[in-house]
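Chemist: Listed in order, the protein sequences are those of chains A and B. Under the numbering used here, the first residue of the first sequence is numbered 1, with each subsequent residue one higher. Under the numbering used here, the first residue of the second sequence is numbered 1001, with each subsequent residue one higher.
Derived from the structure by calculation, the hints contain no laboratory data. Certain hints may be false.
Derived BS3-like pairs: lysine-lysine, alpha-carbon spacing no greater than 25 Å straight-line [unchecked claim]:
{"id": "1", "chain 1": "A", "residue 1": "K473", "chain 2": "B", "residue 2": "K1212"}
{"id": "2", "chain 1": "A", "residue 1": "K360", "chain 2": "A", "residue 2": "K473"}
{"id": "3", "chain 1": "A", "residue 1": "K668", "chain 2": "A", "residue 2": "K560"}
{"id": "4", "chain 1": "A", "residue 1": "K106", "chain 2": "A", "residue 2": "K530"}
{"id": "5", "chain 1": "A", "residue 1": "K360", "chain 2": "B", "residue 2": "K1212"}
Here is how the chains run, residue by residue.
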Amino acid sequence: MHLVRRVSFVLALATGAAYAQPGPEQPTPAPPAPAPKETPAPPETPVPQETPPAPQNVEPPAGEVIVVVGRVIDVLGKPVRGATVTLEGQTEPIGKTDRQGRFTVKAPMNATLVIESKAFGVGIATVTGRALDDTVLLTEKQLGETIEVKGEGPPPVAGAAKLDRQELQRVPGTGGDIVRALTIMPGVVNLQIPLGYSGVVIRGSSPQDSKVLVDDFEVPVLFHNIGFKAIVPSETIESLDFIPGGFDVAYGRATSGIVQLKTRKGSEKRSEQAEISVIDGGLLAQGPVGSKTRYMFALRRSTIDFVLPALIPDSVDLSLTTVPRYYDGQLRIDHEINSHWNAMFSTIATDDTFELVGSKDENADSKRFFNRTRFARFTGVLNYNKGPWNVKMALSALVPQFVFEIGLYQYIRVNYPSVTPRFEATRTEAEAGGLKNVEWRIGAESQTTRSNVQLALPTEQREGDPNPVFDPKDTSQTVNRKIWTPDFAAWTSTAADFDPRFRVTVGARAEYNARPDEFLFMPRGEVKFKITKPWSLRLSSGYYSRPPEFQSESLYTTAKSEKSEQTILGAQYEPREGARLQLSTYYNDRTQLLRNQIDPNGKVELVNVGRGKTVGAEVLGTYRGGPWFAWLSYSYSHSTRIDGPGEKERLFDFDQPHSMNAALSWKKGRWQLGGRFQLYSGLPNTPIVGSVYDSDRNIYIPINGATNSARAPIHHQLDLRVDYSWHWGPAQMTAFLDVQNVYMNESVVTYFYSYDYSQRSAFKSIPIIPSIGLRGVL
Amino acid sequence: MNRLYAFALVASLAACTGDVDEQWFLDHDRVIAVRASSPGIVTGETSTLDAFVGFKGAPPAVMNPPLAMVVRPESLASSLSMNGGQWTVSMPDEASLVAARTELALDAGAPVPLQVGIAFPATTFPARTSTDPIAAVKTVWLGEHRDNPEITGIDINGVDGATITDVTLDYTVDTPMRIDASVNDGDDVNWLTSCGTEHDFDLEHSYIRIEKDDPLMGDLAVVLRKPNGGVAWKTWTIHVDPATIPADANK
């Protein structure tokens, strides 16, 4: 009985069936836990140090005796030496593993090899070709325990990357913050301040073209206005998945990339922790309730509002009537209903407020500036997992509010609650229709939003628009109405191995957006080919769209969805366990980009007349081994736009040709040390070559040069981080010091002009930013 | 909107760098205001144009613009002419107004905004390094009479501003000033100085403070704009009372 269990488990590990569901190339949002035990990460498939003989492309016929090479390893990926290899049904071994755990034997095609080691027991492997997958053997002890396999799963698409919580907190120069950690990703525009609502510009696209998801659902903002800190502390995050493009049919409403944050499930043991820094402080509690329920609760509040007033010189004409402050809260409850069903409920909420008057006179309303951004998202998920079926049903509600008031005339007050039901089912088969590792997915969702908009502002600037006229009395876009935006989507995809080295995924997503009354059909697919053991190639292509619902877009009935067609070719090299090198090239063709169009009477319409394209290449090398965590990324990108028929091509506002990040972190005992070097191109800008003074409005109208014809210089900096841990009574304490730009390199980020545009001032990078914090865990 | 927000924050940080002139700083080449007398005219009336001009290194002055042209509507270009050394807008006939309303998509009978561009060549400004002229636009309303405002109720440190031409300040002391106007009701007020630091320069109540390294003499001006297009200004010379300057001050 023991032997049967062991063999079946070894076989499962060897084929990847136990943990790595077939077709992990496509991201499966929050896979359900199949068992009450902690679900281990997909096992890394370690590879030989040396490249085995190149396999032939044509498989030998069944029964033909061939020379077979393979390797036997333990669960940690270490080679198992001296294991015997025997043909099933025979008694005499036909081979033995060497120091690297490798063996070479002659065996018939499709035969079963029995691999046995005194220390590890027995495993089996099927002769499917001349080079076999690694065979993993377990010890007797390991069979009876929960095995946590630390390793990096395959990226969902070429160029994708993942950081878990510990790694997020290890990257120097980020202060452990998610938004800043995103800047190390290849393809992400790097700048000292976040861009757009999400703070992330991916592969030459506008911020709104990418989506930031928390547990599969969008959040309206990702960072706070003060300090640009993420609304979700990294302590409450399990992992960050970065998919710069080519995402599968389960994701929509984006034409560029996806950032997926998964919240942390409460731990098996009860624990509480607190953390404080000069920016904010927070508490986190987690643990079990009974044997089937776990909770995680976190609360954070800014602390900078306690010190900020003292930091502002008395000579500055400023009244902080509401000192910038924020609150964040997260709650997650996981409950196992039975062996097939489990449930999860999560809430994420944030409240960000600040009010200032640009005068010592607090009643000077013409100089008042107020902002309140808050939202709460409630999500309930039911997971069903039985046999080949995996079903996920979710219902999520978002309750957001955004208020922005500046001066006497301009304001925006918006509430836009939405409800999103979502369903997805996945069926996996080891073999179907002559294909192997077949995965079929089907899903649907709808998102219905009711916006209550009160707005009096100038017409919203769009990407590529010239420098705006700052007129505090301009309320040319005045709206007071309710808007419904019901959107519906359905998708399906199939993935299968046509050959052990050749996997194909095809799928399609269909969307109907009711407000613009448009139906969209978006086929997507990927081909993955394992060239030889450490190398694989991936080619993906697909159509994507983003509905016209970002900020003021939904006010226009003329606007349709923006579209993109993405093609990505990637190669992956995994020379050893924990080491991975990804090379990606991509081409994004964007069509129907939204542009402001002004008719002769000055009326503004939003029309889909723009085009754009981005070409780029990325390199991402990662190493996770022992005390080391290393990261090297480089991106080249060239992104352009054409604003309408007959218009000249110009650079995209956030075009950043070069971006490089090299990070290294070492952890041993109580100490953790890390450094990160960044080098990236400055962003383009449109120079102002003159101005005309409007005497009645008392404002200057800038005369713009060619759009984005100037560029800020290259910036580089070195960041360092040190963490020290110790015990203080029952508490595990950690103190950290994170210093950005240690050699104080000041470079120009952008330029700001004087009121009449006759002078300009360089806004330079902040010379040095130290961040210090303390964390205690009980 | 967050982008605008971030921009505003960063812009405010940049503004603190102090390497560009503040809007209240009078010692700067520019057109401070263009005045049409009157800003709105009806049949039989004319409107003459002049400008309040600031100079780097010199006191501000009221000048007639050497260059002017009608910007919009083009059909009323002939309404502007030079008369006696001053650019003058004449009331066009009713047929021309009707055509202009059509061009501007205005309702019948609505006053027609005639936008006039004026310019001062770079040579007007002795300290100017750029060769570009300084340009401005002013709107004269045709078909509705409008007046420029009177500057009244000026109080500078407790003294009626209408009765004095020179203002004396104390060193490193806030000197308050106010004007009868209401920014909250649409009035636009600008206090400008080339001596000291003007606080709340765009409110009806403002104050000047002379700090270390500030010029100890210069000019003070206030410009009042009304929502109807009317504009008025007043200037004073200004200096610091030497008795209030400590011996260890730089100047």
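Chemist: Okay, which hints does this one fail, numbers in order?
Modeler: 1, 3
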